[in-house]
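K.L.:
Take a look at the letters that make up each chain.
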Amino acid sequence: SQTIHQWPATLVQPVGSPLSLECTVEGTSNPNLYWYRQAAGRGLQLLFYSVGIGQISSEVPQNLSASRPQDRQFILSSKKLLLSDSGFYLCAWSAAGTGINQPQHFGDGTRLSIL
Amino acid sequence: GEDVEQSLFLSVREGDSSVINCTYTDSSSTYLYWYKQEPGAGLQLLTYIFSNMDMKQDQRLTVLLNKKDKHLSLRIADTQTGDSAIYFCAEGRKGGYGGATNKLIFGTGTLLAVQP
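From first to last, the protein sequence lines are chains H and Z.
Just add 14 to wherever you are in the first sequence, counting from 1, and you've got our numbering.
Just add 119 to wherever you are in the second sequence, counting from 1, and you've got our numbering.
Any given hint might turn out to be false.
What the hints assert, rightly or not - Computed footprint of chain H on chain Z, listed as stretches where at least three residues anywhere in the stretch have a Cβ under 8 Å from a Cβ of chain H:
#1 158-164
#2 211-220
#3 224-235
Said to hold, decoys possible - A few chain H residues that don't get close to chain Z, going by computed Cβ distances all over 12 Å:
#4 28
#5 36
#6 38
#7 56
#8 76
#9 79
#10 81
#11 85
#12 89
#13 94
#14 98
#15 100
#16 104
No lab work stands behind these hints, which were simulated from the structure alone.
Think of the CB as a built atom: it goes at the ideal place given N, C-alpha and C, for glycine as much as any other residue.
Go ahead and model the full structure; you've got the sequences and the hints to work with.
P.N.:
Right, here's the structure in full:
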């Protein structure tokens with residue numbers, strides 16, 4: 015069966031420091047991968063998605079970047095964190111293709127606090 | 120627009136049925152999904168319905184789809200305190216992300232509070 019792992023679970027970083035959050039998926043090949051940020055309370059904002067190695071698309075302009083060095087690895091990074099980068103970051107995967115049911119399956123998230 | 124709308128809050132007593140409602144905008148949506156988020160956790164896929172169906176039942180969960188009104192509901196029978204969580208509906212639109220995959224549009228979530 016497929017599993018998705020995110021780490022770390024929580025992270026406290028000072029303003030201006032770099033960031034690296036990692037997400038890996040097991041049990042499937044060539045998944046679509048996603049990074050979301052969840053604002054306080056509710057909404058899910060899609061940050062990046064990837065349909066293959068080295069193929070990253072950004073949904074919103076921001077201080078963050080994403081990379082996919084391997085088929086089942088998705089990394090969220092920043093060179094210099096801002097206070098506004100605080101939030102709950104969720105990674106998700108789905109099966110590739112458009113003709114089938116494609117729910118997204120989420121990791122447990124990383125709670126990022128910027129001081 | 121792209122909005123998927125849900126009411127923000129629902130309170131029920133333990134043992135009662137809960138009905139969480141959602142309206143969506145795109146009549147060409149393929150699948151419609153319900154996710155559950157417990158405090159501090161990721162989103163858990165609960166169930167989904169294909170757009171050519173009217174109803175789907177899965178144990179205590181019943182999903183009703185009214186395509187004419189673009190209205191989706193999730194009914195939880197015999198609601199328990201462990202059902203307390205935020206529930207998100209999402210619509211799947213074919214050909215999102217440059218045509219490579221389906222794009223999911225999430226609602227803002229409904230907080231379900233179950234009173235003992």
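K.L.:
Is the claim that residue 89 of chain H lies outside the interface with chain Z correct, judged by CB distances over 12 Å?
P.N.:
Residue 89 of chain H is indeed farther than 12 Å from all Cβ atoms of chain Z, at 18 Å.
K.L.:
At 12 Å, judged by beta carbons, does residue 28 of chain H keep clear of chain Z as stated?
P.N.:
holds (23 Å)
K.L.:
Using a Cβ cutoff of 8 Å, are there at least 3 residues of the stretch 211-220 of chain Z near chain H, or does the coverage claim fail?
P.N.:
holds (count 8)
K.L.:
When you look at the beta carbon of residue 85 of chain H, is every beta carbon of chain Z farther off than 12 Å?
P.N.:
holds (15 Å)
K.L.:
In terms of Cβ atoms, is chain Z entirely out of 12 Å range of residue 81 of chain H?
P.N.:
Holds, since 17 Å exceeds 12 Å.
K.L.:
Taking C-beta pairs only, is residue 100 of chain H more than 12 Å away from all of chain Z?
P.N.:
holds (15 Å)
K.L.:
Does the claim that residue 56 of chain H lies outside the interface with chain Z hold up, using a Cβ gap greater than 12 Å?
P.N.:
Not fine: 5 Å to the nearest Cβ puts residue 56 of chain H too close to chain Z.
K.L.:
Far enough from chain Z: is every CB of that chain over 12 Å from the CB of residue 38 of chain H?
P.N.:
holds (14 Å)
K.L.:
Hey, is residue 79 of chain H genuinely clear of chain Z, shortest beta carbon separation above 12 Å?
P.N.:
holds (18 Å)
K.L.:
For the stretch 158-164 of chain Z, does the count of residues with a C-beta closer than 8 Å to a C-beta of chain H reach 3?
P.N.:
Answer holds; 6 residues pass the 8 Å Cβ test.
K.L.:
Does the no-contact call for residue 104 of chain H survive, Cβ to all of chain Z over 12 Å?
P.N.:
With a cut-off of 12 Å, residue 104 of chain H comes too close to chain Z, as the shortest Cβ separation is near 6 Å.
K.L.:
Could you let me know if the closest chain Z CB is still more than 12 Å away from the CB of residue 36 of chain H?
P.N.:
With a cut-off of 12 Å, residue 36 of chain H remains clear of chain Z, as the shortest Cβ separation is near 15 Å.
In this structure, the earlier hints numbered 7, 16 are contradicted, and the remaining ones agree with it.
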